[in-house]
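Q: Sequence:
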Amino acid sequence: MLFNSFHYLIFFVAIGFTYFVIPHKYRWFLLLAGSCYFYMAFVPIYLCILGFTIVVDYFAGIFIEQSAGKKRKAFLLASLAANIGVLAFFKYYNFLNENLTVLLHGFSITNKIPYLSILLPIGLSFHTFQAMSYTIEVYRGHQKAERHFGIYSLYVMFFPQLVAGPIERPGNLLHQFREQHNFDYEKVRSGLLLIAWGLFKKVVIADRLAIAVDTVHGNLSAYNSLSLIITSLFFAFQAYCDFSGYSDIAIGSARILGFKLMKNFDNPYHSSSFYEIWKRWHISLSSWFRDYVYIPLGGNRVSKIKWYRNIMIVFLISGLWHGASWNFVIFGAIQGVYVSFGRLTDSTRSAVKQKLHLQKLPVISVIVTFLLFTLSLIFFRAATFENAIYIITKIWTGLPAAILSMIKGTAVFQNMGLSTFDFVLSFVLIAALETIQYWHRKIDLTALLKSYPVIVRWSIYYACLACILVLGVFENRQFIYFQF
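Take the sequence shown: its letters are residues 582 to 1065, numbered as in my numbering.
Please keep in mind that the hints were generated in silico from the structure rather than gathered at the bench.
Worth double-checking, as some hints may not be accurate.
As the list claims (entries may be wrong) - List of simulated lysine-lysine pairs, DSSO-like, C-alpha gap at most 30 Å:
| id | residue 1 | residue 2 |
| --- | --- | --- |
| 1 | 860 | 844 |
| 2 | 885 | 860 |
| 3 | 768 | 1023 |
| 4 | 768 | 606 |
| 5 | 768 | 860 |
| 6 | 606 | 844 |
| 7 | 887 | 654 |
| 8 | 885 | 936 |
| 9 | 651 | 725 |
| 10 | 654 | 768 |
To be verified - Here are the simulated distance ranges between beta carbons:
| id | residue 1 | residue 2 | range |
| --- | --- | --- | --- |
| 11 | 1029 | 898 | 39 to 45 Å |
| 12 | 949 | 1023 | 21 to 27 Å |
| 13 | 971 | 665 | 31 to 37 Å |
| 14 | 695 | 898 | 23 to 29 Å |
| 15 | 898 | 683 | 19 to 25 Å |
| 16 | 952 | 684 | 33 to 39 Å |
| 17 | 949 | 698 | 41 to 47 Å |
| 18 | 936 | 624 | 56 to 62 Å |
| 19 | 630 | 931 | 47 to 53 Å |
| 20 | 1046 | 1021 | 16 to 22 Å |
| 21 | 655 | 1038 | 55 to 61 Å |
| 22 | 1043 | 677 | 51 to 57 Å |
| 23 | 931 | 622 | 48 to 54 Å |
| 24 | 756 | 874 | 21 to 27 Å |
Built from N, CA and C at the ideal position, the CB exists for glycine as well.
Generate coordinates for the entire structure from the input sequences, incorporating the hints supplied.
A: Listed below in structure tokens is the structure:
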């Protein structure tokens, strides 16, 4: 069930109304039943897979808490093996098999392991990581094992963040299912505003940009370097608006019901370094890797060589988490190199900035960081490694000719699937997005809006709704991160 669908609107209104009407003791069951229905709206059979890992982790948590020594660790490993095993089979089986075939071919050996037609359960990577955080926290003694099977199931399956996060921790979410949430007008108001903002980013910006991005990537050889540059920039904002839009709708939906989910994005394209960008982009995943991979490896409390090794390991795994393709691994590796190089040269760059007085122009660092991140996203979006290399090569080799054509006044913009109006509107919307987000960092726009008279507030609300309805691209496009 897509957030940007009429189906979800009817579903959420029904769930929300019933939730506040029925007694508190029955609400967990309503949310669990609703979450099951929400997930089954995609592929019903995969509810069984989710159910399997829930049962394993529920009992593993209890056994871990009741055990000590090697037994305690054995139960944790069994839980992790079950979760990683399910993830590896459905997401990485054919990828690993393909690479094994290539490896064996080099030794003139035929790989007899069959390929399987496997449909990846939607959101598998997200709820797998959320489930793993539960057993790890119980093992560390930071979380008591949940005895109520229904509430534990709800922790994994809570529909707002079930298929694309934020990836919650048990310490933040589990206790909220036991708390009584009364109807709160302020939470409903702010939740609806956040949902509207998320829908604006998704259906007005992301889905419009997706038309151009998909058109160009469907026939790369037909486009010149300038078109490829614009496409790459468009995808950077498509990916951000699509995923952060989902997170906004998820957090807003939960807030209306009285639940608080963690913030997942914090204006990442305003970052002046890659260390900063990964503290602002997909925060729930970045913090997950920090707590469960980076710090256990030693973090930065080791020698510099091991520190950079730890950074690279985290980003390589993060890249692979995004998808079973070498493109995603390369994307992760590039981020690791960016962050490592940034940390390695931090003092040198600071000295250069001070000498050239560039610290007074932080926008330069922001622009450079954004452009380099956009360049790395080419591997994220391209269907194959060859396509990614083609785009990068074509951008640089064809750019002089494109600039010369612009100087001569000849046409350089090609049909990218958008009308002239939508093409220009795309740039206007991107500029509006960044302007709004910039001012929101300076001023709490939500609080400012609340201070206006009722008639002014509601006029703005209706204007925003009209903007979404008039400018939105309603094609029921899936969210990009559903594939992960």
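Q: Against each hint, give a clear statement of whether it holds in the structure.
A: Quick rundown of the hints versus the structure:
Pair hint residue 860 plus residue 844 holds up; C-alpha atoms about 11 Å apart against a cutoff of 30 Å. Taking the CA atoms of residue 885 and residue 860, the gap is about 21 Å. The hint holds against a cut of 30 Å. Proximity of residue 768 to residue 1023 is assessed by CA-CA distance (about 22 Å); at most 30 Å being required, the pair is judged to hold. In summary, the hint linking residue 768 to residue 606 is supported, as the alpha carbons are separated by about 21 Å, within the 30 Å threshold.
For the suggested pair residue 768 and residue 860, the alpha carbons sit about 26 Å apart, so the restraint of at most 30 Å is met. At roughly 28 Å between alpha-carbon atoms, residue 606 and residue 844 fall within 30 Å of each other, so this suggested pair holds. For a cut-off of 30 Å, the pair hint linking residue 887 to residue 654 stands: about 26 Å separates their Cα positions. For the proposed pair residue 885 and residue 936, the alpha carbon gap of about 27 Å is at most 30 Å, so the pair holds.
Using a Cα cut-off of 30 Å, the hinted pair residue 651 and residue 725 holds, with the two alpha carbons roughly 19 Å apart. Taking the CA atoms of residue 654 and residue 768, the gap is near 42 Å; set against the 30 Å cutoff, the hint is violated. Between residue 1029 and residue 898, the C-beta spacing of about 41 Å keeps the proposed range 39 to 45 Å intact. At roughly 23 Å, the beta carbons of residue 949 and residue 1023 sit within the given window of 21 to 27 Å.
For the pair residue 971 and residue 665, the supplied restraint of 31 to 37 Å holds, since their beta-carbon distance comes to about 34 Å. A beta carbon spacing of about 27 Å between residue 695 and residue 898 agrees with the range 23 to 29 Å that was offered as a hint. Take residue 898 and residue 683: their Cβ atoms lie about 22 Å apart, and the range 19 to 25 Å holds. A hinted range of 33 to 39 Å for the beta carbons of residue 952 and residue 684 is consistent with their spacing of about 36 Å.
Taken as a hint, the range 41 to 47 Å holds for the pair residue 949 and residue 698, whose Cβ atoms sit roughly 44 Å apart. The beta-carbon spacing between residue 936 and residue 624, approximately 58 Å, falls within the hinted interval of 56 to 62 Å. The beta-carbon spacing between residue 630 and residue 931, approximately 50 Å, falls within the hinted interval of 47 to 53 Å. Checked against the given bound of 16 to 22 Å, the beta carbons of residue 1046 and residue 1021, roughly 19 Å apart, stay inside it.
Checked against the given bound of 55 to 61 Å, the beta carbons of residue 655 and residue 1038, roughly 58 Å apart, stay inside it. Checking the proposed 51 to 57 Å range against residue 1043 and residue 677 shows it holds: the Cβ atoms sit about 53 Å from each other. Judged by the Cβ atoms, the range 48 to 54 Å given for residue 931 and residue 622 holds: they are separated by roughly 51 Å. Residue 756 and residue 874 have their C-beta atoms about 26 Å apart, which keeps the hinted 21 to 27 Å range intact.
Checked against the numbered hints listed earlier, the structure breaks hint 10 alone; every other hint is satisfied.
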